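Undergrad: Here are the chains, one letter per residue:
There are 2 protein chains.
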Amino acid sequence: MRIAIDVMGGDHAPAEILNGAFAAARANADRQIILVGQEEVIKNRLIEMKELGDEVPANISAVFAEDVMDMDESVTSLLKKKKTSIWIATQLVKTGEADAIVSAGSTGAQMACAMLLLGRCKGVERPCIAIHVPGGGRLLLDTGANVECTPEMLEQFAHLGSVYMQVQEGIEKPKVALLSNGTEDHKGTPTVQAAHALLRASELNFVGNLEGRDLLRGDYNVMVSDGFSGNIALKSTEGAAMMIMDELKQGISASFSRKLGAMLIKPVLRGLKKSLDYKEHGGGPLLGCNGVSIVCHGSSDARAIENAIGLAERCVAGNFVAKVTEEMTKVAEAKAAREAAAAAEAAAAEEK
Amino acid sequence: MRIAIDVMGGDHAPAEILNGAFAAARANADRQIILVGQEEVIKNRLIEMKELGDEVPANISAVFAEDVMDMDESVTSLLKKKKTSIWIATQLVKTGEADAIVSAGSTGAQMACAMLLLGRCKGVERPCIAIHVPGGGRLLLDTGANVECTPEMLEQFAHLGSVYMQVQEGIEKPKVALLSNGTEDHKGTPTVQAAHALLRASELNFVGNLEGRDLLRGDYNVMVSDGFSGNIALKSTEGAAMMIMDELKQGISASFSRKLGAMLIKPVLRGLKKSLDYKEHGGGPLLGCNGVSIVCHGSSDARAIENAIGLAERCVAGNFVAKVTEEMTKVAEAKAAREAAAAAEAAAAEEK
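For the record, the sequence lines run as chains C and V. The first sequence begins at 42 in this note's numbering and counts up one residue at a time. The second sequence begins at 42 in this note's numbering and counts up one residue at a time.
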């Protein structure tokens with residue numbers, strides 16, 4: 042398996058990205074890690090390693106990219122400078138030189154590269170970012186690629202998420218929910234209401250609307266949302282978890298007896314930390330494009346990058362992209378058949 | 042102070058609502074609590090109390106209402122049956138027989154009653170629900186009254202929240218933030234982007250966009266959002282907090298040593314629980330209508346209702362409604378003056 046890593050993208054790039062890439066290479070000699078970034082940055086790291094006596098793993102290679110996409114840069118500037126690390130890394134997937142790409146850089150740029158270079162699956166208007174909710178068995182999408190969505194896009198996300206959970210997690214009939222401001226069927230914006238009707242009429246295992254409070258523990262496998270609200274749900278959950286863990290940590294270290302108490306409940310705290318850890322999967326796949334592109338959190342550290350590389354491998358091994366294409370073709374055909382039947386019925390009714 | 046309580050609204054109505062109302066009456070003999078609900082329900086409770094030897098506080102009175110609004114009922118049916126507890130309780134505020142109303146029933150019905158009976162403040166298109174974020178000094182609005190908002194409505198919410206925090210919390214120049222999917226100025230839906238520009242041009246102390254993760258600890262006093270995303274942010278935070286506290290509780294009781302450990306860190310856990318407790322304020326005021334109407338969580342228990350009664354009293358005592366009207370009039374005048382100046386400038390430029 043060959044994974045291209047965008048060395049230049051992320052708040053802690055290039056150091057943490059490189060650390061993660063090296064850790065992943067060392068952990069498994071069968072994977073090929075292709076570092077994509079500025080020549081100077083990569084060479085400096087190799088020199089540094091030599092000086093420290095660190096061996097460079099044999100399964101690491103590099104492809105140089107002159108330019109870097111800044112986090113704030115508009116996606117249109119991507120088209121002007123095509124030698125950015127994200128562009129070149131995605132191109133490696135297009136040409137078949139890599140099986141997947143992992144980046145913690147600008148999500149907009151990564152999405153644009155995926156759409157322009159890899160293309161979209163049949164029946165998909167726009168790819169979306171799917172994030173594994175901590176605890177397992179739950180996926181949230183879209184979490185930020187598309188701030189505005191049509192009801193049809195939300196239906197496509199539902200199909201994408203459903204196939205993903207079938208293929209990657211082995212869940213037979215994933216329960217699909219729609220994120221709304223209440224569980225009642227009529228709740229939500231007009232777009233959410235229309236998406237609700239589409240999902241109800243689909244072949245999906247649609248379980249109805251769920252709320253923000255259901256994200257971590259609700260009875261669902263795929264939570265569908267536009268990228269704006271999905272991002273807010275994800276980050277609000279993260280924010281609350283971070284705040285609580287910080288307050289616990291601070292409070293606990295305030296006295297000897299509390300430190301002792303904390304020691305006694307250490308397994309509980311450790312389990313809790315694990316069950317809230319968004320870094321467990323390292324990132325989320327861009328679903329709906331013809332290739333595996335893993336979007337990582339901007340704040341990714343080495344461990345997140347290493348885990349994202351593992352996720353990329355699982356997506357490639359699961360042959361997920363082919364299965365999505367197959368499923369979306371079926372969905373498109375079923376829809377066309379339904380529409381044709383409805384049209385025929387309408388025509389017959391008119392004749393009478 | 043006379044507070045009308047909608048006895049029939051809420052998941053735990055009427056029992057918990059009545060418990061909260063009685064507790065509030067007992068806690069302060071100066072307040073007048075007016076129970077509004079079905080005659081049978083209220084009388085049965087009084088009989089029950091007599092049987093148990095519980096004294097009925099002298100500062101409790103009742104107004105009977107034949108009908109009840111169901112949680113799922115459409116707001117249009119409100120107009121058909123005008124003898125619902127929420128309608129009659131709001132009317133008591135309109136006629137001056139009560140100073141404020143508290144309800145844990147259908148938010149849509151409460152909002153409709155407020156708009157129809159109390160009316161809106163000058164310059165306010167739609168009232169919104171403001172919720173105190175746990176920890177103090179932070180307000181989130183709208184949290185569910187308006188699922189779709191225009192940029193102008195979001196600007197009005199910002200003014201409403203800013204005056205509220207000045208009057209009720211004594212914060213001189215409240216920091217106003219806009220909830221978005223990233224802190225960069227260009228982030229968000231077209232509506233959020235347009236609202237960002239309006240807030241930037243306003244006299245408010247606008248500090249820019251904030252994310253879901255900033256809700257509990259961000260550097261702001263007023264977080265502005267449409268009711269859909271605001272609801273999702275609030276409930277996602279609540280959901281994460283509930284999940285963590287539950288896991289802690291479960292894990293801690295699993296063995297003797299862990300129970301001992303938990304005892305040693307009890308102050309930390311208690312502090313944490315308090316700093317995450319949305320029931321501390323019991324509910325949120327409907328801002329922008331000509332009267333004090335406190336919206337409580339559907340799941341409110343007696344303590345939440347008692348706290349909401351306290352919040353209602355503080356809002357009345359702060360004379361908040363008059364101050365909002367004053368402020369919104371000023372905002373409308375300043376806007377009109379700016380528009381007139383711009384028009385004059387444009388006309389002068391054309392003449393040249």
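Bear in mind the hints are in silico, worked out from the structure with no lab data behind them. Bear in mind that the values here come from a model prediction, so they are computed numbers and not experimental data. Take the hints with a grain of salt, since some may be wrong.
One copy or two, it doesn't matter: identical chains are merged, so the pair holds either way.
What the hints assert, rightly or not - Straight line, CA to CA, 30 Å or less: simulated BS3-like cross-link-like pairs of lysine-lysine:
| hint | residue 1 | residue 2 |
| --- | --- | --- |
| 1 | K307 | K84 |
| 2 | K228 | K320 |
| 3 | K315 | K300 |
| 4 | K300 | K371 |
| 5 | K393 | K320 |
| 6 | K290 | K376 |
| 7 | K307 | K290 |
| 8 | K228 | K124 |
| 9 | K135 | K300 |
| 10 | K214 | K393 |
| 11 | K300 | K290 |
Undergrad: Hint numbers the structure violates, sorted upward?
TA: 1, 4, 5, 6, 9 and 10
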